[in-house]
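All chains should be modelled from the sequences, with the hints used to inform the complete structure.
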Amino acid sequence: MPILNNRLTAEQYEQNFSDIHPPFESREAALVEANRCLFCYDAPCTKRCPTSINIPKFIKQITTDNVKGSAYTIFDANIMGGGCSKVCPVEKLCEGSCVYNLLEEPPIPIAKLQRYSTEKAIAHKWPLFQRKPETGRKVAIVGAGPAGLSCAHVLSREGVDVTIYEKEAKGGGLMTYGIAAYKVTPEFCEDEVNFITSLGGIDIKYGQELGKDVSLADLQANYDAVYLGIGVGVARQLDIPGEDLAGVEDAIRFIYDIREKGYPSIPVGDKVAVIGLGMTAIDAATQAKRLGAKEVTIVYRRTQAEMPSTEVELNLAKLDGCNIIWLASPKEILGENGQVTQLICNVMELGVPDASGRRSPVETGETITLNVDMVIKAAGQVPYEALVSSNQLNHWSGKIAIDSNCATNIPAVFAGGDCVNGGKEVVDAVQAGKDGARAILNFIKSE
Amino acid sequence: MADLRANFLGIKSPNPFWLASAPPTDKQYNVLRAFEAGWGGVVWKTLGSQVKNVSSRYSSIDYGGTKMMGFNNIELISDRPLDINLREIAECVRLFPDRAMIVSLMADNTREKWHELIAQVEDTGAHGLELNFGCPHGMTERGMGAAVGQDPEIAKMVVEWVMEKATLPVITKLTPNVHSVVPTGRAAVEGGTNALSLINTIQSVTGVDLDTFVPNPYVAGKSVYGGYCGPAVKPIALKMLTTIAQDPVTAPLPISGIGGVSTWKDAVEFMLLGASNVQVCTAVMKHGFRIVEDMCDGMNNWMDEKGFKTLDDFIGKSVPTITHWEDLDINYHIVANINQDKCIHCGLCYIACEDTSHQSINLTFGNPYNTYSIKEDECVGCNLCKLVCPVDSCITMVEQRKGDEYLNWKEFQRRGLPLNDH
Ligand SMILES: Cc1cc2nc3c(=O)[nH]c(=O)nc-3n(C[C@H](O)[C@H](O)[C@H](O)COP(=O)(O)OP(=O)(O)OC[C@H]3O[C@@H](n4cnc5c(N)ncnc54)[C@H](O)[C@@H]3O)c2cc1C
Ligand SMILES: Cc1cc2nc3c(=O)[nH]c(=O)nc-3n(C[C@H](O)[C@H](O)[C@H](O)COP(=O)(O)O)c2cc1C
Ligand code: SF4
Ligand code: SF4
Ligand code: SF4
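Chains as they are written, first to last, in numbering that gives the first Met the number 0: chain A, 0 to 446; chain B, 0 to 421.
In case anyone wonders, no lab produced these hints; they're calculated from the structure. Take the hints with a grain of salt, since some may be wrong.
[Said to hold, decoys possible] Quick list of in silico lysine-lysine cross-link-like pairs, DSS-like style, CA-CA up to 25 Å: (1) B:Lys164 to B:Lys11; (2) A:Lys169 to A:Lys182; (3) A:Lys46 to A:Lys423; (4) A:Lys59 to B:Lys385; (5) B:Lys285 to B:Lys66; (6) B:Lys385 to B:Lys238; (7) B:Lys66 to A:Lys67; (8) B:Lys66 to A:Lys111; (9) A:Lys56 to B:Lys385; (10) A:Lys124 to A:Lys169; (11) A:Lys56 to A:Lys111; (12) A:Lys169 to A:Lys423; (13) A:Lys444 to A:Lys131; (14) A:Lys137 to A:Lys169; (15) B:Lys51 to B:Lys221; (16) A:Lys91 to A:Lys59; (17) A:Lys56 to B:Lys66; (18) A:Lys56 to A:Lys124; (19) A:Lys91 to B:Lys341; (20) A:Lys111 to A:Lys182; (21) B:Lys341 to A:Lys46; (22) B:Lys316 to B:Lys11; (23) B:Lys66 to A:Lys59; (24) A:Lys111 to A:Lys166.
[Claimed, not checked] To give a feel for the contact side, a few chain A residues facing chain B, derived at Cβ under 8 Å: (25) Val31; (26) Asn34; (27) Leu102.
[Unchecked claim] Which bits of chain A does chain B cover? Going by a derived footprint, with three or more residues having C-beta under 8 Å, they are: (28) 95-101; (29) 241-250.
For each residue, glycine too, the CB sits at the ideal point set by N, CA and C.
Encoded structure:
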């Protein structure tokens, strides 16, 4: 049972990784949907968008062919509105609360309309924003992910000069390195970063890692304020025997490689087990399948009622032919000649509700054995605890602690995004960046 | 099965749906297709001295994603040779003897020319004549079309010329480009016309091209006012129709209703307000002749539901309900009510009432759905919220009379009752 790369033809790869949410084919098609929007007052869709995009307004602008105005409305609230339109789990955000749901009618395809405007803006490089006069203030941001870029954009618009320190060679953070390839392309991510920085006043220094190439103390000394948007990094270990066998992979690493190295060079097994049932697990499972794995099984220790992924995402995996085993918790990985051969799982059942009312899985004593040649771990990610604690930042198991002003315990150091919340969506990180920028602007003014 | 057969001035047609005088009735090819599709009759595209058309000729108004809500043209009367038209009319009458064939006319402005044209047309075997006093472009410069329709004296004179000669029933088609259609309508009656039809198109500018800066339709960098028609003009047409149906001089004549008729419902409305049949142009220019199937079918089903056996059972039925403002019952009062089970929390009623009416709707914030309810004491019963609500019968207007008896404005004033008490 081999782990192989180059399993498919170039056309097959192309097809398997093409856009799963294709854009509108034409202006007319967009207008039909845009004209369905009721232009709700105090619209529920806007309230459910973490960045509070004025959705009825931007859709109304599409109906009047004011695409530029519509793009401005979106980007003004969410500078990654282009990327978000492709990656947001809209069924639980904006579209999930569209009033059409209450009429048992399909909601307005808000994300698709958002994409209609923003893609044009990015493709035509519309200069939608202008910087205010220079304030002479400088802010350092660590991490060029959604949180860092969003923070940088707001600050630069206000005339603050921003320098971003990014350890990777490209910007975009997990948008560029983590999100499934059938949602966004690397080219789009690059265009998006360029679109954001085209405002001016934002300098990204690549290959600069906090804790290695730069220190927090340096940044504090050289800038008026520092914003940490370093995200979460490493995959959670399972802490079970056999985890070091060849064929056991970390989902983030696996996805990163797909984005970085090209589909044909990524090896997958014939029989793959994916552990966990969050967005990362779904992305890993579906992409393993799309790379040519014969059988992909998702193993989750709770039931569907508790799964972190949405129904829409789960269906994505199901449609790709992935199996799901509920109430199974990995116990041990077995191998031969250093290679994975089997995954043994404890069969679980839901116990009595705990104080929070949640029923935790408990072992039944039975086990099941899966014959596999590859195991992908997607049981959550772990924050950069060592980096955070070595800089004397207060934290909750590595998640940086901030107050209501986005400030950490260290003077003039602010933080937001995944490194604070432990990992949510891109759109939450963008909002965190905006909040951070507002807090920094207040801080600079009051200094 | 209701009986849809129509009898207009003795001219019989299997249903009350005629095609108005326009491009769809311009030649044998179209008219035969229309008859095959089931149209009850046609008014042949206006004949007169031959003219030359320009291009482009049409423009339109799109609204809220719907195309051609309003349509506009700068076309003239028939630009085909008269003898070909006459030959084709005769052929159509021969092939479909059960359908109504009316021929629209606009002769040069002399008694002789009118007489000559009438004689030629009557030879075709057509069933009636329609006088085009409405064409608002091209012809007016020569003292024809709307120039006639806008001057009751001239209109009366031309009708008299026609009546001297015509042996077929004569319908006079009125222009809406006047303060009131009644004076010309009365003049036509005095001139002896047998029936009236209305409306022709309304002078308009549909819009300006934002790239060329030239209004539509575009003719080599210039434009002119065009005639407006289609769904957008229906309310105006209905109003004009009603004034003709209520005027003691014009009311006794049969009226053919025109202007924005697109569905059986529109047709029923025209007929309830006094039209004996309807004519259609823009709707077929948009969808083709096939729409007549649903028009017949829909009217039939409606008549069955209401228990109407023939068209005469409902023609004109709504005319008496249009009265004068002074005669409305001031004691009638309604207030809005929101059905919370149906409400989808879009807030459209709230913002309309809050910004533009009487601040009669409560908003209770929620996440993400707000709750809206009516402040009954503030509600003036204007109906706006109900009109903007996107959900059928979610907002209803509940009757809460101010007093039992009927009280109109004149009586209100006479009694010196207080103003602005609600
Ligand atoms: C597999 C996967 C799939 C996902 N799919 C979706 C999805 O479909 N839709 C969605 O909305 N969200 C998705 N997410 C979540 C989303 O990607 C994140 O919530 C979002 O990117 C967080 O933004 P951030 O800026 O806080 O962190 P990140 O995007 O992680 O950015 C952090 C940046 O900081 C840099 N950095 C880290 N440490 C240092 C350091 N010491 N020095 C310098 N730079 C540093 C990193 O290289 C990175 O560029 C997914 C996440 C994963 C892991
Ligand atoms: C392109 C076009 C040409 C027309 N030509 C004539 C005409 O020659 N004679 C006439 O009496 N009315 C003419 N009309 C007016 C129509 O007969 C009709 O009165 C008007 O369009 C309103 O009806 P509608 O809303 O159904 O289109 C024309 C209308 C259009 C759109
Ligand atoms: S950013 Fe995401 S949640 Fe917000 S409106 Fe756009 S697609 Fe919806
Ligand atoms: S809830 Fe739906 S209909 Fe209402 S504004 Fe938002 S997208 Fe439009
Ligand atoms: S307009 Fe209708 S659906 Fe919308 S909030 Fe008001 S009552 Fe509810």
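Which hints, by number, does the structure contradict?
-> Failing hints, ascending: 24, 29.
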